[in-house]
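**Q** Here is what each chain is made of, one letter per residue.
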Amino acid sequence: MTKRVLSGLHFMQGNVACAEGAIAAGCRFFAGYPITPASEIAERMARRLPEVGGTYAQMEDEIGSIAAVVGASWTGTKAMTATSGPGISLMLENIGYAIATETPCVIVNVQRGAPSTGTPSLPLQGDVIQARRGSHGEYEIIALAPSSPQEMFDLTIKAFNLSEKLRTPVFILADAFVGHMREEVMIPEEDKINLVERKLPSSGMNFNEYKSSLDEDVAPMPIFGKGFKSHVTGSTHNSYGKRKVADPEALDYYIKSLNNKIRKYKKEIISVESDIKDSEVVLVSYGTTYRVVREARRRLEEEGINVGSFRLVSLWPFPDEEVENLARKVKKILVLENNLGQMVSYVKAAAKGEAEVVFLPPRILGTLHDPDTVVRKVKEVIG
Amino acid sequence: MKMVHPLIKYVRPGYLSTTTCSGCGNGIVAQSVLRAIDELKMNIDDFVFVSGIGCAAWIPSPFFNADVLHTTHGRPIAFATGVKLSSPELKVMVISGDGDLVAIGGNHFIHAARRNIDLTVICVNNGIYGMTGGQVAPTTPFGLKTTTTPYGNAERPFDLCKLGEAAGAVYVARWTTYHARQLTKSVKKAIQKKGFCFIEVVSQCPVQFGRRTGAGDAVAMMQGYKNNSVNIKKIGKLKEEELEGKIVVGEFVDREGPELCEEIAKMRERIG
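Chains as they are written, first to last, in my numbering: chain A, 20 to 402; chain B, 186 to 457.
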């Protein structure tokens, strides 16, 4: 019997670590469509899932992939898809469906460069706002940003746990750097991995009479095949799951319930790594730009210059309170992103003018920031 | 004695008013499906009904008192694929319209047929977009005037059964709503058969199709189905010009092929 969890120390590619994280989290269904730079996740899942009793489906497109993932999740199976920007663009309508129907699933976006076909093999943090607002309507989303192959493993497990706990899709926002990077990955023993499972109704529960779907923060999921007679719809529905499409009050209650669910658990979802000590200048980063921050800080420290680091491990929901607190403590915030400025607007809004917010893109998009450039910029900002 | 419809036991309690217009063919299709399950003495709790967007998608949703997944436009077969692959023990049936399954969802339809995944797909074909107000569909007859073909339809319609057959479905049948009994038989057959089974039901939309095209009310349209249908078994004797304007009904395909879930199960055993 092949091992479900490959415990031990590995030299492993980020995409492969993501797939292993999924298997370790109990994911037993993957549907996808090949795309650079995410294909290795599908390839690993195609090999591993049948070994552990799971199912890999290569669909005709990304629209079908996320649809199959949602369908699988409704049978009580933990399910995932992985793609890159063009695939996410195709999936967005059904990602909205997963949010509307409170379907747990994990969506991995190994980001590549530029709009449209763009540059398949080069990374850009170009889809950060897309993950937040890409689908139509009004919703909250959860997104996590790994900065190493180890975190491709760890955060994939965390993504499954959050999705199961809150009955909602969760994004992994990786990029081509971290997806294709090979590093040490420590996979813990199976019994050391903490897993969360979705709440199920007690058997025999009649969902025609059960008023729950919106009144509880996270209602138990009446999965298929258990006699719950579930009615799952992406239309606006009331607390009994009954479609209500001409009533503004029903719409208001429905949207607010879905959104408040995530907002209420913000503290549990949000994850930041803050190391600011007495610094007046702090570098804000996420995903692979965090690697630049580490190196730039090391070089600055050699010169006796102390700058802080504030790293967003989770991107959405945005840690506005945490950033506001940060802004009160420091004078200047440098935001490093591998794009032309997506999160910086959120940082500025959250800082409320308490600190000066400066945006710092790499000199060449699709490459990471040169640490020396960051060092120079920090010195310039310090003045 | 209180009269109760024999199939009411399959209807979700509290959902007795439908959204369909009077004269719509949806009710006939709903009855055929429920009657097939009833006659087979199967438990409706073993079924998952999946539908998309459009009038026909409202046949199972929310009315069937079973697990119902009412999905996005065009995608029910892809959602159903995920349900079936992860729970092969469930009976999964897709009921939706021609716009949903073969216009926006055409790619999922042909690929599910190619994979031969064990699904029953019932396409209610009214030849038009009913819910949105009578726009041309890929099933609208050539030359017909609709709200988006005010000068006549310049495109040829799909033959859905030929499409299903060419893509690899193991069972393909077409009936009209006039053929309720034959339709029920076909649904029973499709439920019991392993693999991708496709049934097209030519159905009247008296409001958007009948009124705009001059086909008349529901009774006139069903009369038309009665008069203009030819069974595939009798087609050999007819000349091509005699088939002009006819609806060919019957069973077109009933064959065997490797079913996807079974093949995956075998693969797991092989490598385990």
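Warning: the hint list may mix true and false statements.
Chain A is nowhere near these chain B residues, computed Cβ spacing over 10 Å in every case [stated by the list, open to error]:
| id | residue |
| --- | --- |
| 1 | 193 |
| 2 | 199 |
| 3 | 227 |
| 4 | 332 |
| 5 | 333 |
To be clear about the criterion: a stretch of chain B counts as covered by chain A if any three or more of its residues have a C-beta under 8 Å from a C-beta of chain A, and this derived list gives those stretches [to be verified]:
| id | stretch |
| --- | --- |
| 6 | 211-222 |
| 7 | 261-267 |
| 8 | 412-421 |
In short, the hints are calculated from the structure, not lab data.
Quick caveat, the model's predicted, so the values are computed rather than measured.
Cβ atoms here follow ideal geometry from the backbone N, Cα and C, with glycine treated the same way.
**Q** Hint by hint, say whether it matches the structure.
**A** To see whether the hints hold, each was checked on the structure:
no.: 1; hint: 193; verdict: holds, 14 Å
no.: 2; hint: 199; verdict: violated, 7 Å
no.: 3; hint: 227; verdict: holds, 14 Å
no.: 4; hint: 332; verdict: holds, 23 Å
no.: 5; hint: 333; verdict: holds, 22 Å
no.: 6; hint: 211-222; verdict: violated (count 0)
no.: 7; hint: 261-267; verdict: holds (count 5)
no.: 8; hint: 412-421; verdict: violated (count 0)
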